[in-house]
Amino acid sequence: MKEKARIPRVLVAKIGLDGHNRGAHVVAHGLREAGMEVIYTGIRQTPAAVAKTAVQESVDVIGISSMVGAHLSIMKKLIRELETLNASDIPVILGGIIPEEDYDQLRVLGVAAIFPPGAEVKEMVQFIEGVVKMNEWVSEVPGTLTGRSLEDIHLMGSRCDQCGQIYFPSRRNCPRCLDDRSIKPITLNDEGDLETFVVASVAPPGYPVPHAQGYIILSGEGPRIFSLLTDYGDPSNLKVGCKMGVKMVRLGRDKENRVVVGYRFRPLKGGVD
Amino acid sequence: MTRFGKLLDRTLQDLAYEPIWNAIHESKIDPHDIDIAFVGNAYAGLMTGQESVRGQVILREAGISKIPIINVENACASGSTAFYLAHWAVASGQADLALAAGVEKLFCDDTGKSLKALATSGDQEIEGRMGILFAGIYAMRVRAHMEKYGITREQLAKTAVKNHDHGALNPHAQYRNRVTVEEVLASRMIADPITLQMTCPLGDGGAAVLIGTKEMAKNMGKRPVRVGSTVLGSFGFTGKNEPSIAARTVKQAYQEAGVSAKEIQVAEVHDAVAPVELYLYEELGFCAPGESGRMIDERATWFDGRLPVNTSGGLTAKGHPAGATGLAQVAEIVWQMRGEAGERQIKPAPNVGLVENGGGNVAGETAVVAIHILLA
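Those sequence lines, one after another, are chains A and B. Each residue of the first sequence is one higher than the one before, counting from 1047 in this note's numbering. Each residue of the second sequence is one higher than the one before, counting from 856 in this note's numbering.
Because the hints were derived from the structure by calculation, they are not lab data. Mixed in with the good hints, there may be bad ones.
As the list claims (entries may be wrong) - Derived lysine-lysine pairs resembling BS3-like cross-links, with alpha carbons at most 30 Å apart: (1) A:Lys1168 with A:Lys1098; (2) A:Lys1301 with B:Lys971; (3) B:Lys1003 with A:Lys1285; (4) A:Lys1293 with B:Lys1069; (5) B:Lys883 with B:Lys1003; (6) B:Lys883 with A:Lys1293; (7) B:Lys1003 with B:Lys1069; (8) A:Lys1179 with A:Lys1230; (9) B:Lys883 with B:Lys1069; (10) B:Lys1073 with B:Lys1202; (11) A:Lys1315 with A:Lys1285; (12) B:Lys861 with B:Lys968; (13) A:Lys1315 with B:Lys1003; (14) A:Lys1289 with B:Lys1003; (15) A:Lys1098 with A:Lys1123; (16) A:Lys1301 with B:Lys883.
Stated by the list, open to error - Computed footprint of chain A on chain B; a stretch qualifies when at least three of its residues, placed anywhere within it, have a C-beta under 8 Å from a C-beta of chain A: (17) 974-988; (18) 1072-1083; (19) 1145-1155.
To be verified - From chain A, some residues computed to sit far from chain B (all C-beta separations above 12 Å): (20) Arg1052; (21) Ala1133; (22) Val1187; (23) Gln1208; (24) Thr1242; (25) Val1245; (26) Pro1256; (27) Gln1259; (28) Tyr1261; (29) Leu1274.
All residues carry an ideal CB built from backbone N, CA and C; glycine is no exception.
Pulled out of the complex, with its shape left as it was, chain A reads as follows:
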């Protein structure tokens, strides 16, 4: 499935006792003009608050403006806060009065890009678009997954409003009603029961042995999903009727450099990571 081009979301923030917000305003405005969605926090934020907002708003990039020389200490704190929230994958970029002798130290800390005075907004736009491109993803099996970002992907199906039947993968019509007007895409449950399974001692070329597959009936109204099984440890951890949870796996990149994401199921109890 080809995902639609996503509108990048950027958090522009100023941290600590630094009221020089003209630069941040110019950048925020410029990014918005470039078609991005900008969340501006205003001045005097704490690193913890910025990290929290970034996660809640599922932003693609955090842009920090610093004019008073506190950049090393605030960046150290912000990156630590992002780590505690498991959000280290959100790149942080820095603009303002940043002496060149600090660049190396900032890069070691994990700052993704630095835009000193004189940098043009279009350079930032280019950088952010590149980041979003890196996070673009595509389903291994067309029509099976949905999600705003690489970190938040779920199984996708369809529901027919006429007969109530739920289908997986998503569909363009209801094969029961043979009607294409009442079918809607829905996000499916992440858990279900193992209906049946096999741990095969042989596998087609390219697949690991043992080769485990199963059918999972998703909690609620179904549907039934065929899936490879993973992280089950000893095969005796798999039992008909046991609770299973979906696990998204990254399977490399396609020709357009998008991350290929596939779904697998793992036992919720007794499995291994």
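We have chain A; now place chain B onto it with these hints.
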């Protein structure tokens, strides 16, 4: 039909020639009277590169030409689908005599190539990417059935023992050896609970059936067998409590033939792995749900039992050259009805027989199921 087996030195044309000309000689029909031919084959495109005009190429040696030749591909049910179409041609009044032929060559120097070809009988977009494996699919169904009704591994093994017993008595069978429950369970695990001796082998072979009008049949050299009904069902997004494709399709076949499951006296079913017979007994109405384990324990489906199933040895022992399988199943029922089944002959010869032939896998269900009901 030809003998099934590893027939590396025989071509597709040769495998078609033998059964077609056997049918012509046995029935004493004039081959000029054949109005139309349907040729079942599933994998020649991938195995030999003959993707297009397979039927015309396959029939070349047999001399069947000029008439309409229709290529039929429906995975392991290709032969049955050819039968269904040949019947349709005659029943509709468009043809007086139709030929259904099926051939397959699955053996080559590279087993991986054969397995890859077989794996194309699933949805390549969905299951194909996850490494579909037919032994695995059947294993999942068998496991679900075991869990539901407490079927034992010994009962699974008995289906393989029975079909090998029958294969030992069938000169057309690929496997002529008998096996024991212990041997079956001790053979290599393929896809738990399915062991090697429960699975059908790769196979080469051919089979052919002639279907004609009542008038045509009158002048035949052999006692004709009537087609009570022939029904083709396809996968259908089966929900949790809906009947399976086999149950749905057989219901229609019984209705159209005007017979009930209780009247069936012999059946050939699609035992690509032998234990699927158990849930098929239930889905085809040979016993109540959950009773199939007892049925095999009581030896009811051996050739000398109450309702013999797979007297040919089934796919398990007779072999499974996909395109030929459905027509070979029909041949076995016809031979049983005519009293020509040799050492495995049912006594007295049966008058009502059923064929179940499945193929492929789509959306978690068998893609095609064909049911033929034959009446002596």
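Hints versus structure:
1. A:Lys1168 with A:Lys1098: 27 Å, holds
2. A:Lys1301 with B:Lys971: Measuring from Cα to Cα gives roughly 25 Å; hence the hint holds.
3. B:Lys1003 with A:Lys1285: Status holds; Cα separation ~13 Å.
4. A:Lys1293 with B:Lys1069: 61 Å, violated
5. B:Lys883 with B:Lys1003: 51 Å, violated
6. B:Lys883 with A:Lys1293: 64 Å, violated
7. B:Lys1003 with B:Lys1069: 46 Å, violated
8. A:Lys1179 with A:Lys1230: 28 Å, holds
9. B:Lys883 with B:Lys1069: Answer holds: Lys883 (chain B) to Lys1069 (chain B) is near 15 Å, not above 30 Å.
10. B:Lys1073 with B:Lys1202: 26 Å, holds
11. A:Lys1315 with A:Lys1285: 11 Å, holds
12. B:Lys861 with B:Lys968: The hint holds at about 15 Å.
13. A:Lys1315 with B:Lys1003: 22 Å, holds
14. A:Lys1289 with B:Lys1003: 17 Å, holds
15. A:Lys1098 with A:Lys1123: 13 Å, holds
16. A:Lys1301 with B:Lys883: 62 Å, violated
17. 974-988: Held - the region 974-988 of chain B has 9 residues with a Cβ nearer than 8 Å to chain A, which meets the minimum of three.
18. 1072-1083: With 0 residues in contact (Cβ-Cβ under 8 Å with chain A), the coverage given for the region 1072-1083 of chain B is violated.
19. 1145-1155: violated (count 0)
20. Arg1052: For Arg1052 (chain A), whose nearest Cβ neighbour in chain B is about 24 Å away, the distance exceeds 12 Å, so it holds.
21. Ala1133: At roughly 31 Å from the nearest Cβ of chain B, Ala1133 (chain A) sits farther out than 12 Å, so the non-interface label holds.
22. Val1187: 5 Å, violated
23. Gln1208: Check passes; 15 Å lies beyond 12 Å.
24. Thr1242: 4 Å, violated
25. Val1245: 6 Å, violated
26. Pro1256: 9 Å, violated
27. Gln1259: 6 Å, violated
28. Tyr1261: Incorrect as stated: the minimum Cβ-Cβ distance to chain B is 6 Å, not above 12 Å.
29. Leu1274: The claim breaks: Leu1274 (chain A) does not keep its Cβ more than 12 Å from every Cβ of chain B (closest is about 5 Å).
Violated hints, in rising order: 4, 5, 6, 7, 16, 18, 19, 22, 24, 25, 26, 27, 28, 29; the structure is consistent with all others.
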